[in-house]
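Starting from the given sequences, assemble the full structure and let the hints guide the process.
Residue numbers (the working numbering), protein chains in the order written: chain R, 1 to 256; chain P, 1 to 256.
Treat the hints loosely; a few may be bogus.
[Said to hold, decoys possible] Partial chain P-side listing against chain R, Cβ under 10 Å, derived: (1) THR69; (2) PHE70; (3) VAL239.
[As the list claims (entries may be wrong)] Simulated crosslink set (DSS-like; lysine-lysine; CA at most 30 Å straight-line): (4) P:LYS65 <-> R:LYS5; (5) R:LYS8 <-> P:LYS246; (6) R:LYS67 <-> P:LYS8.
The hints are simulated quantities; they were obtained by calculation from the structure and are not laboratory data. Small disclaimer: the values here were computed from a predicted structure and weren't measured. Cβ coordinates follow ideal geometry from the N, Cα and C atoms, glycine included.
Number of protein chains: 2
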Amino acid sequence: MPERKTPKWRQLADDLRAKIKSGEFAKGSALPQIRELAEETGWHYETVRSAVRALESEGLVVAKKGKGTFVSSILDKIYRDSTSRYRKSSREENGARGAFGAEIQRLGMTPRSVPTISRGPAPADVAEILGVAATEAVLIRARVMYADDTVVQLATSYFPGDIAFGTVLEQEDTGTGGSISRLAEQGHAQVEITEDVEVRQPTDEEAEALDIPSDRTVFEITHIARTAEGRAVEVVRHVAPTTLWKLSYTWAVDAS
Amino acid sequence: MPERKTPKWRQLADDLRAKIKSGEFAKGSALPQIRELAEETGWHYETVRSAVRALESEGLVVAKKGKGTFVSSILDKIYRDSTSRYRKSSREENGARGAFGAEIQRLGMTPRSVPTISRGPAPADVAEILGVAATEAVLIRARVMYADDTVVQLATSYFPGDIAFGTVLEQEDTGTGGSISRLAEQGHAQVEITEDVEVRQPTDEEAEALDIPSDRTVFEITHIARTAEGRAVEVVRHVAPTTLWKLSYTWAVDAS
DNA sequence: GAGTGGTCTAGACCACAGA
DNA sequence: CTGTGGTCTAGACCACTCG
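Spelled out as structure tokens, the structure:
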């Protein structure tokens, strides 16, 4: 039987992982410094660093230059039920915090969302979905979403200008039921949702905003809401670390 | 303005990535050897190796001990429309190859599936979904799925023994429309599907079967099919490299 | 300036594949 | 046996944070 030898860096990674999962190294706390671990184990700095890098790409720790290596504050996954979160009842619960609020509160954490509203062109692929020119200005609601003080998701909504400019959608608070209810009131009720899910590496800006190393992977979820006429009235681009989320979709089978 | 310095390994990675995407290094071909690149650039072996490791975790190349470093044979993403692939029309097209076949053919590649059929206990969480004891034997159809000669997915279906043992589901070929049609004929029509999507690192066995380095990430899709009575009659566990797939879900919005 | 993680070089040796 | 990628050590220096 070919019993292969476990590299030192893997042994150390296994050891540290166990201590993190057992709680010996608490969430958010600092790991021993690399040079300290090197001295303890009697191994070289680079060997220890390989172990830390492995844990980093697993999402268990984040190393910060000049400061130290820290255990991630969220080790569980946030459950996002994509189908039910767009139901009216979900959107109106939790004091108008909606589905995102419920998802975070389920972890015993406090949700927070920081919106930035602007007008400008959408990314080319989004513009195409919305059926507008790539240069045409649309309404952009960019939200940075937190669980306690951890950024867990970047969500940017794009609305065609002709139905969104000058409406309450340009206010920070869109009221009970959010943008979906406001659009419905104006005759743009959403009846069908499509979500495309990809996994990729974050851009440098995203990595910084999400406070993750740039070799970690993120979900890129492109959420498209259409009216009965088939018009896309809202596109949301979600970017979120894959280590933090699990997604769930439910649909009825079409017999045809 | 803080303009930070680009590390050498990143410069090299950028350079190699460009050459791969332009086709200068063809799909499936060998990259120059690490020591060769080191000599060309005048940089140290470890520096070059860092660049290769970066490309590896991006899914562009796979390094094989003792053989060389090879450009991945599939650089595009395979599109999996999770909603339409379970429609009868999709399942019956392509000479009974079904949705998977269509997905692969869209890339101009040839689909192939190697099934292994057995009876045994399901993983604990799957057993719970199926409503059977963790020790109880179920029907297991494990499929290794290829595009040309590349393994692109491992899909393992679990069926409760009381409805699957002794039926055509224990044969390699389940006929036109596949297991879904066979179950429907026996009064177990599937009317609702749930898929849970997580991203994780592969086990050592999965990494080997999928021919990917163990620090690459994979989708773990748990597909649950239920009858009108709410009984789960089939659970499929998909494991597939995140670099190879994009997923799409479509559903009708429930107004309530 | 002291302390932290990150990069880089030099060079040795190990593990695996294949002729 | 040779060639490939992988691991490891020794030690220097860089980049960033914070007092």
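**Asked** For the pair supplied as a hint, LYS65 (chain P) and LYS5 (chain R), is the alpha-carbon distance within the 30 Å limit?
**Response** holds, 14 Å
**Request:** Please work out if LYS67 (chain R) and LYS8 (chain P) have their alpha carbons no farther apart than 30 Å.
**Result:** Status holds; Cα separation ~24 Å.
**Prompt:** Would the stated hint for THR69 (chain P) survive a check requiring a Cβ distance to chain R of less than 10 Å?
**Reply:** violated, 18 Å
**Request:** Take the C-alpha atoms of LYS8 (chain R) and LYS246 (chain P), compute the straight-line distance between them, and say whether it is at most 30 Å.
**Result:** Answer violated: LYS8 (chain R) to LYS246 (chain P) is near 36 Å, above 30 Å.
**Message:** Just to be careful: measuring from the Cβ of VAL239 (chain P) to every Cβ in chain R, is the smallest value less than 10 Å?
**Reply:** violated, 14 Å
**Request:** Tell me if PHE70 (chain P) is really an interface residue toward chain R, meaning its C-beta lies closer than 10 Å to one of theirs.
**Result:** With Cβ-Cβ at 20 Å, over 10 Å, it is violated.
When the structure is compared with the earlier hints, violations turn up for hints 1, 2, 3, 5 and for no others.
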